[in-house]
Amino acid sequence: MLSVQRKTLVDGVRHASLAFDPVTTSQHEISDEIAKIHADAPAGAPLLDFPPYRSTLLRHPTKELQLVDPEGAELLAPVFGHSDVAPVEADLTVQRGGEPIGERIRVHGRVLDGDGRPVRRQLVEIWQANAAGRYSHQGDQHPAPLDPNFTGVGRCLTDDDGWYSFTSIKPGPYPWRNHHNAWRPAHIHFSLFGTDFTQRLITQMYFPGDQLLALDPIAQSITDPAARSRLIASYDHSRSEHEWLLGYRWDIVLTGSHATYLEPSDD
Amino acid sequence: MTEATPGQTVGPFFHHALAYPGDSELVPFGAAGSVVLHGHVYDGAGDPVPDAMIEIRQADASGVVPAVGGSLRRRGSAFTGWGRCCTDAAGHYWFSTVEPGLPFFAVTVFARGLLDRLFTRIYLPDATDAVDGLVATRETDGRLRFDIHLQGPSETVFFTFPRT
Ligand SMILES: [Fe+2]
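As they're listed, the protein sequences go chains E and G.
Just so we're aligned: the first sequence equals residues 204 to 470 in the working numbering.
Just so we're aligned: the second sequence equals residues 7 to 170 in the working numbering.
Derived from the structure by calculation, the hints contain no laboratory data.
Small disclaimer: the values here were computed from a predicted structure and weren't measured.
Beta carbons are placed, not taken as given, at the ideal position from N, Cα and C, and that holds for glycine.
Be aware that a few hints might be false.
Unchecked claim - Coverage of chain E stretches by chain G, computed from C-beta distances (three or more under 8 angstroms per stretch; other residues unrestricted): (1) 241–255; (2) 261–273; (3) 405–415.
What the hints assert, rightly or not - Each pair of labels, with its calculated beta carbon distance range: (4) E/G301 - G/T134: 56 to 62 angstroms; (5) E/Q341 - G/S68: 39 to 45 angstroms; (6) G/T143 - E/H231: 47 to 53 angstroms; (7) E/A242 - G/T166: 22 to 28 angstroms; (8) G/E145 - E/S443: 26 to 32 angstroms; (9) G/G39 - E/D362: 33 to 39 angstroms; (10) G/G52 - E/R442: 45 to 51 angstroms; (11) E/S441 - G/A84: 40 to 46 angstroms; (12) G/V70 - E/A244: 39 to 45 angstroms; (13) G/A38 - E/L449: 49 to 55 angstroms; (14) E/S286 - G/G52: 38 to 44 angstroms; (15) G/T134 - E/E302: 58 to 64 angstroms.
Take these sequences, add in the hints, and give me the full structure.
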């Protein structure tokens, strides 16, 4: 069935994805598809062509990525500074008049480049659902309550050693329409920059022990378990605060920078 | 090299977090010497992608890639050489910027249904040594047009780099 779908897509038939019925495709069928793909060689980056996540069908390139040496603007990431981000933007629990509802957390860690060097004074952006699993986004139709005291949006700059820290509320899992009874594991979206333009990363941080991770086609699109585990924060009791919040630690490693890797040019 | 943290899709709910006033105006719209770079993002069926986000990085008109802050709070200050635009319901993106003194805009593409970011370039129409298929069209009103096709017969050339 699946191979037929993908063939019609290659043949250019419009709306091939409609042949997948999100109402009747079960978690069992999705998990089966995931297991078959996982039987192939594990990949540390998400597969762009990953049919268990249905929306990838018409949105993944089919040609091989072209290998090029970065040049010009690709060698330098955008720069952000204190004029871009106010310190208060790192605390998602104080953005409105009152306290948001939910389990108060602190998520902290380091942003490193592929050579283990801290990424200093660089922008980190996050967004997440509230404790009930609802985004403060007009496109979110999940009938869970909005929290008037929670936007779920934060920003900060890493410090001189690459550390970032956000205070927030633990997001709830939420349903989506990939298949019948599909639920996203609780997660926080992270947007990161390095020192090179080529190090740009948008990803999702997950929480330890979440039973939904194994069922989730988005997380499972990373077929190497070791790579997948790098998206899961660890509980950090040293950062939990007495009678106040629970700490989580999540370090982020970007790809290597080219500025120091390429032969110095003499022009 | 330490193993990199894998990417994940930007998902459907990024607009309220990543869009901000002036995000796609590297210079104010209509400013003297400015140019509009715009286009549509399409999927493999030729349908517009209304939940994509495009970022560009570029040199200034003299060919210098700026390393100055201020992109998130543009106040008519220094040119930062970076911007972002979320596509609208028609899959359209646009930037108000200057034509770079180096031959291309560096581009990153994100979308719901796209599990990791894609890199490409948009070359200026008169660029020499441009990668085939990655050259913007100059429209009669002076705007630069470049459509991005995630898949299909006109699929855009996307890049990988030696260390990614
Ligand atoms: Fe999400």
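Structure-based check of each hint:
1. 241–255: Per the Cβ count (6), the hint holds.
2. 261–273: Coverage by chain G holds for the stretch 261–273 of chain E (12 residues, Cβ < 8 angstroms).
3. 405–415: holds (count 3)
4. E/G301 - G/T134: 56 to 62 angstroms: Since E/G301 and G/T134 have Cβ atoms about 60 angstroms apart, the given range 56 to 62 angstroms holds.
5. E/Q341 - G/S68: 39 to 45 angstroms: holds (41 angstroms)
6. G/T143 - E/H231: 47 to 53 angstroms: holds (49 angstroms)
7. E/A242 - G/T166: 22 to 28 angstroms: holds (25 angstroms)
8. G/E145 - E/S443: 26 to 32 angstroms: Cβ of G/E145 to Cβ of E/S443: about 57 angstroms, so the range 26 to 32 angstroms is violated.
9. G/G39 - E/D362: 33 to 39 angstroms: 38 angstroms Cβ-Cβ, so the 33 to 39 angstroms window holds.
10. G/G52 - E/R442: 45 to 51 angstroms: Roughly 49 angstroms apart at Cβ, these two residues keep to the hinted range, so it holds.
11. E/S441 - G/A84: 40 to 46 angstroms: holds (41 angstroms)
12. G/V70 - E/A244: 39 to 45 angstroms: holds (44 angstroms)
13. G/A38 - E/L449: 49 to 55 angstroms: Holds, since G/A38 and E/L449 (Cβ atoms, about 54 angstroms apart) stay within the stated range.
14. E/S286 - G/G52: 38 to 44 angstroms: holds (42 angstroms)
15. G/T134 - E/E302: 58 to 64 angstroms: Taking Cβ atoms as reference, G/T134 and E/E302 lie about 59 angstroms apart, which means the hint holds.
Of the numbered hints given earlier, the model fails hint 8 alone.
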